[in-house]
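**Student:** Given next are the chains, with one letter for each unit.
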Amino acid sequence: MTKIGRRQIYFFLACIAPVGKLVFLPAQLADVAKNDLLFPAAMQYLIQTAAVFCVLLLAKRGMNFFELLANTFGKIAARVLITVYAAFLFFAALLPLLEQKLFVQSVFYDTLPSLVAFAPFFLFTAYLCSKPLASYGRTWDILGPLAIVGFAGILAFSFGSADFAALLPVGAVGFGGIWKSAVSAFSWFFDAALLLPLLGKFDYEKGMAWKGALFYLAGGAAVLLFLAVFYGIFQETAVNQLFAFSTTSKYFSGITMLGRIDYIFIFTLGLVMAFYVTLPLQGGIECLLLAYGRKKYLPTALGVAVSAAFLTTVLLLDYRFGDVLKAITGAAAWIFPVFASALPALMLLLRRERRETA
Amino acid sequence: MKLRKFIQTIPMKIYVLLLAIVLFAFFSNDFGLVDIQKTAIILAAGIDKTENGFSLTAQIAVPKGSDRTTGGTSSVEIEAEGETVSDCISLIFSKTGWVPKLVFCDLIVLGEDAVKEDVIAYLNYFLRNEYMPDSCLLAVCEGKANELIASKSAIDDASSLAIEKLFSDAAVKSGKVVTNTLKDFAIGYYGVSGSGYLPFIRMTDQQGEQSDSSSGGGSGGSGGGDGGEMQKIYSAEETAIFQNGKMVGLLPREQTLAFSLLQGNVFTGTFNAEEDGKPVTLTVVRNKGGVSLNVKEAPMAELSLEVTVRLCCRGITAPIEDIASDRISGEIAASAKAALDGYVEGLWRTCKESGCDLFNLNRMLYRSSLKKYSVWKDSLLRSAKAKIETNVKSMK
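Residue numbers (the working numbering), protein chains in the order written: chain R, 1 to 358; chain B, 359 to 754.
Next up, chain R with everything else stripped away, as it sits in the complex:
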């Protein structure tokens, strides 16, 4: 079996995971936290870094996600648990997919395209989902540097337009506002959950847990820097800027002469994002394969079935995005810390020694 390299894991944590936080999240944070939007983001990053640290520590045991559960609870209970986890990953995939759809429709088209314009994207997800999960590594090797170039380009074009004094005064909304904003942002922070299905597909090396956590924090620092630039540019109107990373660079003075050359970087990050939003689907399918066995055509069949189901869901929810966002960031927000933060931490309590029957 092809293993994922440690460098590739670090690429994911530092470069690819942050891309998912650059579309709706900045406006969502600014909605409640306003100029204090860095604090809820930092809180979320600290929680998720701890979760990433826990998952990487689990890798030390040399077992995959299913084996870890079966080793303690037995195979039947492990199947139930891992199926529930797959359901969570499919649920977590909904918001990024809708984000990606609206982002493409709004940014890459200058009038609203037809409903089915996004449909081909699910051919792409079906293809990725049918590939073995270890192929992630090669993809991340390519996407990591692309994400760095795209992000650096957008930041370079945006920096001069930002008024960082707009981030003052610190603590204007109080702890209550910051906490409320942090809670509404839970839906964007489940990267540790994406690592769980990868357990057993990469080898642990000494210090990998804290190195991975540091790489994840480095990605978080880049996101915080972007949030500062974003709020510095849009200030009180930040809440109205739904497609954050596609909007900040257009005020660069050279663009009036050269045209929207920043689109090169926006397209680059758009491409990285296309892979990132497919990860929860791939993770969910991998969980099912771990639980029920990797039969010959099952990965392809699951990939096609899940993609078709999501295509239908996205089409059905096309005019109900507001309701979906409200539910996921409101009543259903607790699901994310439970599955993506608490569960990886609790898994450290699972039996360490391998049982003969597991």
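A hint or two may mislead.
Here's a subset of chain R near chain B, in silico, CB distances under 8 Å, partners left out [stated by the list, open to error]:
| hint | residue |
| --- | --- |
| 1 | S161 |
| 2 | A165 |
| 3 | P169 |
| 4 | V173 |
| 5 | Q235 |
| 6 | E236 |
| 7 | T237 |
| 8 | K250 |
The set of hints was computed from the structure by calculation and includes no laboratory data. Keep in mind the model is a prediction, meaning the values are calculated, not measured. Backbone N, C-alpha and C fix where the C-beta goes; we use that ideal spot for every residue, glycine too.
Chain R is already provided as a structure; the job is to place chain B on it using the hints.
**Tutor:** Below, chain B without anything else, positioned relative to chain R:
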């Protein structure tokens, strides 16, 4: 064996190829194609208040066909009335069959009646519309925006293009004009200061000129292509100032210059001073400006500007040695300083009397101290005193 393996992988190769083609199409933005026959490319919009709501005049670019003799941009103006701006846009669609496209709209002009009430009601549609560039320029005009947009410019085929020339970078650097965009106006409005400014456009007849009936606008709508219509020229040297979305005052050209100088924007702009009672024109070659708020005791707005100038011209005859020098005398420097002091004082007085927090003093206080802001927020502008410091230097 190799052939068999190759044949086995053909379906996947075709799939990947198809996938690449589909993804390319997906990210293509329809390859940027715009069907000009079905699309109304709106260059500018003028909005007026009506009894029932809003009147929107859209200046729409139309293709000129193969006639290369005239050049430039041809346009047609369509007017529509509705209860909301969106109603007006829909009506333009139903009147013309063209799908209105705002992505190239670079100018929104508000009529004089519209700015007597909160203008965000007029801009709401544009702030919501994700296909509308928020870097679009905003302006107020004397009279009706409809008349301005539909007027025949003496200097360009489309009035909006002639007006946009007034707002060029060079014009802004001259200090004679200030510009503002939809985004920045909205930031000012929704910020703690609740203030803003927009250039104020006046339109005058171009004396001795008649419109050429073959040039410019097309037919239909309110603008029309009346060949006998007088050609117009435009100016935007005055600045409308806003508080809570309503226009509360008008800065004359001297105060507009002072505002530009305080922002540190001016380069190669000119203003007049005196020597021996005769006028001289000075060119600003370097400008630093700033406004700060001192709240150690009673609030004090500190307005400071520094200009380095050179002599541009005198209104009198002068010997060649004088023409060869661009340094200014002490008397001219004192006169220039007095002139600038007067402009800045006038600007401060206008802001204070109108209640417009043009210098964002409330915002400065909010950012520096929440505690002091809660004490002073309702009375800051009324109670603040101004300390004006101007410094005029001669170019060495």
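**Student:** Please go over all the hints and tell whether each is borne out by the structure.
**Tutor:** Hints, one by one, checked against the model:
{"no.": "1", "hint": "S161", "result": "violated, 10 Å"}
{"no.": "2", "hint": "A165", "result": "holds, 6 Å"}
{"no.": "3", "hint": "P169", "result": "holds, 5 Å"}
{"no.": "4", "hint": "V173", "result": "violated, 11 Å"}
{"no.": "5", "hint": "Q235", "result": "holds, 5 Å"}
{"no.": "6", "hint": "E236", "result": "holds, 4 Å"}
{"no.": "7", "hint": "T237", "result": "holds, 5 Å"}
{"no.": "8", "hint": "K250", "result": "holds, 7 Å"}
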